[in-house]
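> If you want the building blocks of each chain, they are given just below.
Protein chains: 2
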Amino acid sequence: MSAARLKHFGWGREGEGLSAEEEAFVLARAQARFGTELKQSTSAPPLDEIKLAAPRVTAPASLPFCTSDHYDRVAHTYGKSYPELCRGLARDYAAAPDVVAYPGDEAELIAVLDWAGGEDATMTPFGGGSSVVGGVEPKRDGHRGAVTIDLRRMDKVKELDKTSRAALIEGGTYGPALEAQLRPHGLTLRHFPQSFEFSTLGGWIATRGGGHFATLYTHIDDFVESLRTVTPRGAIESRRLPGSGAGPSPDRMMIGSEGILGVITQAWMRLQDRPTFRDGGAVRFNDFFSAARAVRAISQAGLYPSNCRILDPIEAYNTGAADGSVAIMVLAFESADHDVAPWMKRARECCADHGGMAETTGAESHREGAAGVWRNAFIRMPYAMERLILRGVINDTFETSITWDRFEGFHDAIKTATAEAILAATGRKGEVTCRFTHVYPDGPAPYFTFHALGEPGKLDAQWRAIKSAALDAVIANGGTVTHHHAVGRDHRPWYDRQRPPLFAAALRAAKKALDPQGLFNPGVLIDP
Amino acid sequence: MSAARLKHFGWGREGEGLSAEEEAFVLARAQARFGTELKQSTSAPPLDEIKLAAPRVTAPASLPFCTSDHYDRVAHTYGKSYPELCRGLARDYAAAPDVVAYPGDEAELIAVLDWAGGEDATMTPFGGGSSVVGGVEPKRDGHRGAVTIDLRRMDKVKELDKTSRAALIEGGTYGPALEAQLRPHGLTLRHFPQSFEFSTLGGWIATRGGGHFATLYTHIDDFVESLRTVTPRGAIESRRLPGSGAGPSPDRMMIGSEGILGVITQAWMRLQDRPTFRDGGAVRFNDFFSAARAVRAISQAGLYPSNCRILDPIEAYNTGAADGSVAIMVLAFESADHDVAPWMKRARECCADHGGMAETTGAESHREGAAGVWRNAFIRMPYAMERLILRGVINDTFETSITWDRFEGFHDAIKTATAEAILAATGRKGEVTCRFTHVYPDGPAPYFTFHALGEPGKLDAQWRAIKSAALDAVIANGGTVTHHHAVGRDHRPWYDRQRPPLFAAALRAAKKALDPQGLFNPGVLIDP
Numbered sequence: 000m001s002a003a004r005l006k007h008f009g010w011g012r013e014g015e016g017l018s019a020e021e022e023a024f025v026l027a028r029a030q031a032r033f034g035t036e037l038k039q040s041t042s043a044p045p046l047d048e049i050k051l052a053a054p055r056v057t058a059p060a061s062l063p064f065c066t067s068d069h070y071d072r073v074a075h076t077y078g079k080s081y082p083e084l085c086r087g088l089a090r091d092y093a094a095a096p097d098v099v100a101y102p103g104d105e106a107e108l109i110a111v112l113d114w115a116g117g118e119d120a121t122m123t124p125f126g127g128g129s130s131v132v133g134g135v136e137p138k139r140d141g142h143r144g145a146v147t148i149d150l151r152r153m154d155k156v157k158e159l160d161k162t163s164r165a166a167l168i169e170g171g172t173y174g175p176a177l178e179a180q181l182r183p184h185g186l187t188l189r190h191f192p193q194s195f196e197f198s199t200l201g202g203w204i205a206t207r208g209g210g211h212f213a214t215l216y217t218h219i220d221d222f223v224e225s226l227r228t229v230t231p232r233g234a235i236e237s238r239r240l241p242g243s244g245a246g247p248s249p250d251r252m253m254i255g256s257e258g259i260l261g262v263i264t265q266a267w268m269r270l271q272d273r274p275t276f277r278d279g280g281a282v283r284f285n286d287f288f289s290a291a292r293a294v295r296a297i298s299q300a301g302l303y304p305s306n307c308r309i310l311d312p313i314e315a316y317n318t319g320a321a322d323g324s325v326a327i328m329v330l331a332f333e334s335a336d337h338d339v340a341p342w343m344k345r346a347r348e349c350c351a352d353h354g355g356m357a358e359t360t361g362a363e364s365h366r367e368g369a370a371g372v373w374r375n376a377f378i379r380m381p382y383a384m385e386r387l388i389l390r391g392v393i394n395d396t397f398e399t400s401i402t403w404d405r406f407e408g409f410h411d412a413i414k415t416a417t418a419e420a421i422l423a424a425t426g427r428k429g430e431v432t433c434r435f436t437h438v439y440p441d442g443p444a445p446y447f448t449f450h451a452l453g454e455p456g457k458l459d460a461q462w463r464a465i466k467s468a469a470l471d472a473v474i475a476n477g478g479t480v481t482h483h484h485a486v487g488r489d490h491r492p493w494y495d496r497q498r499p500p501l502f503a504a505a506l507r508a509a510k511k512a513l514d515p516q517g518l519f520n521p522g523v524l525i526d527p
Numbered sequence: 000m001s002a003a004r005l006k007h008f009g010w011g012r013e014g015e016g017l018s019a020e021e022e023a024f025v026l027a028r029a030q031a032r033f034g035t036e037l038k039q040s041t042s043a044p045p046l047d048e049i050k051l052a053a054p055r056v057t058a059p060a061s062l063p064f065c066t067s068d069h070y071d072r073v074a075h076t077y078g079k080s081y082p083e084l085c086r087g088l089a090r091d092y093a094a095a096p097d098v099v100a101y102p103g104d105e106a107e108l109i110a111v112l113d114w115a116g117g118e119d120a121t122m123t124p125f126g127g128g129s130s131v132v133g134g135v136e137p138k139r140d141g142h143r144g145a146v147t148i149d150l151r152r153m154d155k156v157k158e159l160d161k162t163s164r165a166a167l168i169e170g171g172t173y174g175p176a177l178e179a180q181l182r183p184h185g186l187t188l189r190h191f192p193q194s195f196e197f198s199t200l201g202g203w204i205a206t207r208g209g210g211h212f213a214t215l216y217t218h219i220d221d222f223v224e225s226l227r228t229v230t231p232r233g234a235i236e237s238r239r240l241p242g243s244g245a246g247p248s249p250d251r252m253m254i255g256s257e258g259i260l261g262v263i264t265q266a267w268m269r270l271q272d273r274p275t276f277r278d279g280g281a282v283r284f285n286d287f288f289s290a291a292r293a294v295r296a297i298s299q300a301g302l303y304p305s306n307c308r309i310l311d312p313i314e315a316y317n318t319g320a321a322d323g324s325v326a327i328m329v330l331a332f333e334s335a336d337h338d339v340a341p342w343m344k345r346a347r348e349c350c351a352d353h354g355g356m357a358e359t360t361g362a363e364s365h366r367e368g369a370a371g372v373w374r375n376a377f378i379r380m381p382y383a384m385e386r387l388i389l390r391g392v393i394n395d396t397f398e399t400s401i402t403w404d405r406f407e408g409f410h411d412a413i414k415t416a417t418a419e420a421i422l423a424a425t426g427r428k429g430e431v432t433c434r435f436t437h438v439y440p441d442g443p444a445p446y447f448t449f450h451a452l453g454e455p456g457k458l459d460a461q462w463r464a465i466k467s468a469a470l471d472a473v474i475a476n477g478g479t480v481t482h483h484h485a486v487g488r489d490h491r492p493w494y495d496r497q498r499p500p501l502f503a504a505a506l507r508a509a510k511k512a513l514d515p516q517g518l519f520n521p522g523v524l525i526d527p
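As you go down the protein sequences, you meet chains A and B in turn. Quick note on numbering that gives the first Met the number 0: the first sequence kicks off at 0 and runs consecutively. Quick note on numbering that gives the first Met the number 0: the second sequence kicks off at 0 and runs consecutively.
Same shape as in the complex, but just chain A:
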């Protein structure tokens, strides 16, 4: 890998982070929010200060792509969730894997599975490690060791079918490398989650990831044409088909399986031509619910905008997109085939019907004005958490979905429950904001952000109290515990309340058929 290696603590690669100017901006906003100066009380754990137990299992010399080096074990202990940062700050890396394997192809992967199975070691598939839900932490769960399987060397576009617009892509391919290999052919997977730079195709599929487009083709589920997964019992490979009605979809069992059934090694993915026609801009609304009604009108009109996010007034203010008095809609259409002006015109009418006031419009407006400010903030946001936590700030996000008939009451219930939990947990008022990330004809996917000022040393427990209250409210009010961040270990108790018990029984039986020793990600989604 020519790029710098991934950080062992925090988002992205070594040397990356907020600029001084960006950090000053978010710090000023945070200090204003809590009405107090925020002093740094701790620091990120230097690599050499982290103590690890001796590995319980070590790979044989016949597997030279496996290592038990200090950096590799530390860097594969955690994903990027808030409680994992807390444990990192506490220098708690007890969960570190014994071995990190970097197989370069399926033969090497199978050799790892065979060896780890013989050693009674659990296995955790690892893409870019950007999970924000506790999705990559290894668990021994009574077994002898823990091996993390990092797929980064399986990073190639192996075949390209320009006629059908599809490509066979290895599971360990990171977003930028994937797009770089498609770009010369004028094609794109057009899947841009916020974690795009630090996540992989296999990770997107295993977690049912969502891209940043608001409607229609944005879920990785819909892009999968066929899938190959290596399980302890062998490979499962589905046929390359545009559509099929032959029994329950084998792919849909794997999509969202979060590593409990095996390793996704490659997939034929549906691609799109690179868009050349664009239109869009920001639209201001007096309040969030008016903006939401406009979103509903657009999504039910069958217009399929590429972007149709709305930010509530405080969220718009926090990203610098507005002054805090208005809600903002970021609206855009794009096409590789035709002028999208008729589409945009009709969407603008839907906005006007609900009091929307258009700001800028035009082909480049998604890079300008409120839309452009928001877009930049969106990409840089994940770097803020690791800086603010050093000053006692608890901030996190959670996303859900809900049908339109229940949306307004749901929104208020979640905000209230979260705000009350912040006050109860920290003794101080915090902030809860909402935006939409995706919209459907039958309902939105609201995305909540909360900010609280916690007490260093207690941040983990305070975060847990707040997040628990928020998710209790989500589940009680009919939402889903996750819309596109996955379940991981952080959401598991609420997932259990959402998922039909007999589906758990069926999934447990299916896992047992594919992973009889129960070595793949034990405790994820279902109990062993």
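A couple of the hints might just be wrong.
Given that identical chains are not distinguished, each listed pair holds provided it fits within a single copy or across any two copies.
Said to hold, decoys possible - Derived DSS-like pairs (lysine-lysine); straight-line CA-CA distance at most 27 angstroms:
1. K6 <-> K155
2. K457 <-> K414
3. K344 <-> K414
4. K6 <-> K457
Source of the hints: derived by calculation from the structure; they are not laboratory data.
Chain A is already provided as a structure; the job is to place chain B on it using the hints.
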């Protein structure tokens, strides 16, 4: 039920069938095709000529909605596939269920499951019985009896959510009753399979049915917002959500499960506003592959026409839509929200790029000209088989899908294999035609029709030889054994070759967890 009862032999209800004029038309076409007069050599089996064994189990008086009456047992023996018609002609109704249950609600359904489980009777869920793949024939499979569960009394739209455009609908609701209950609210499920009149919501979901719209929202899979299935172990009910990334989709395990996991009792379904804007018409092409290239251009342009079928020259001739010298595209757009003229204009350009010559266009053109002729033939077609079979005609259809890169070679291979099999099986040239029913950006769903002149008494074996050769070719050339007709018993051997073996193992384990006695549709999709 106020309507006439379903036929015990043939398509639809008693008293329905081709008019004398329609029958004369299809007969003339068939006689011209085979160059010989086709004389009727047998007749449909009258109900009272059919002999049934005494029922092996009978329902107790506490289940008054169960019956072992002659008509009910006969009418639930078969679906509408060609080999089932052959067996009907041979007066072979040995497969008849012992009992037909008509539960009116879930409590009654559960009473049936409890009683049948205690009697060691297999259970076959039955919607409208329109399966063309051997999907509703009961099998005892070593168990003591066979009970068919006909859901027709569970036929209500129970709740309607106009804001989210969704409705809670019972599984036994037939297409017309479903739409009739939605129409007063200006809403539609907009799911119109060819079997619309004689099939149910639960049947569409259990078989992964496709509607008659060509692109985007046409598969029942995408309309399911939440699902409730009663299994022998209890009910599985998913949450009503516009979207979710919480683990593998519980609904997708049930969608396409063809009755092996339980009975789909109700579902929240995504609805649409009734369309008011329409544009469309027929387009002529010199050959089928030119038409296919235009379809590819339209589907990859992101235009989403409601109809974009193409008929090859002979298929267009057979339905009366053209003179046999040109391929026909039936192209249409519709919307409840906006004028679709810009969409139609761009699609027409795509056609012209590939040599398409527009016939009529306009809002009502889908009811006129070649498009209108085809539309009418499409709806009446299923009634022809039961008449032609009396004169020794073997005709059937099969549908598949394939990626664009392989389409032309695939098409030729399937046609050739089927035509050769007809000649080998019957000693006489037959006819194989193709149309597209659905299209995707990555490939079409070709739908093949074949006509052969067989020998009365040997029709079943001759049909089997032809269909087997056709499906051998489909599987060998990379297609799917079924795109929207389901697997049933007729497609099972080829499904086994298509489906990953380890997925069968996982599905078998999941079934065991939900149906430990193995009573639901044994032998469908997987072996017990």
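> Does each hint fit the structure? Answer for all of them.
Hints versus structure:
1. K6 <-> K155: Answer is within; shortest intra-copy Cα gap is 23 angstroms, inter-copy 57 angstroms.
2. K457 <-> K414: within (23 angstroms within a copy, 71 angstroms between copies)
3. K344 <-> K414: neither (34 angstroms within a copy, 47 angstroms between copies)
4. K6 <-> K457: within (24 angstroms within a copy, 72 angstroms between copies)
Comparing the model with each earlier hint shows a violation of hint 3 alone; every other hint is respected.
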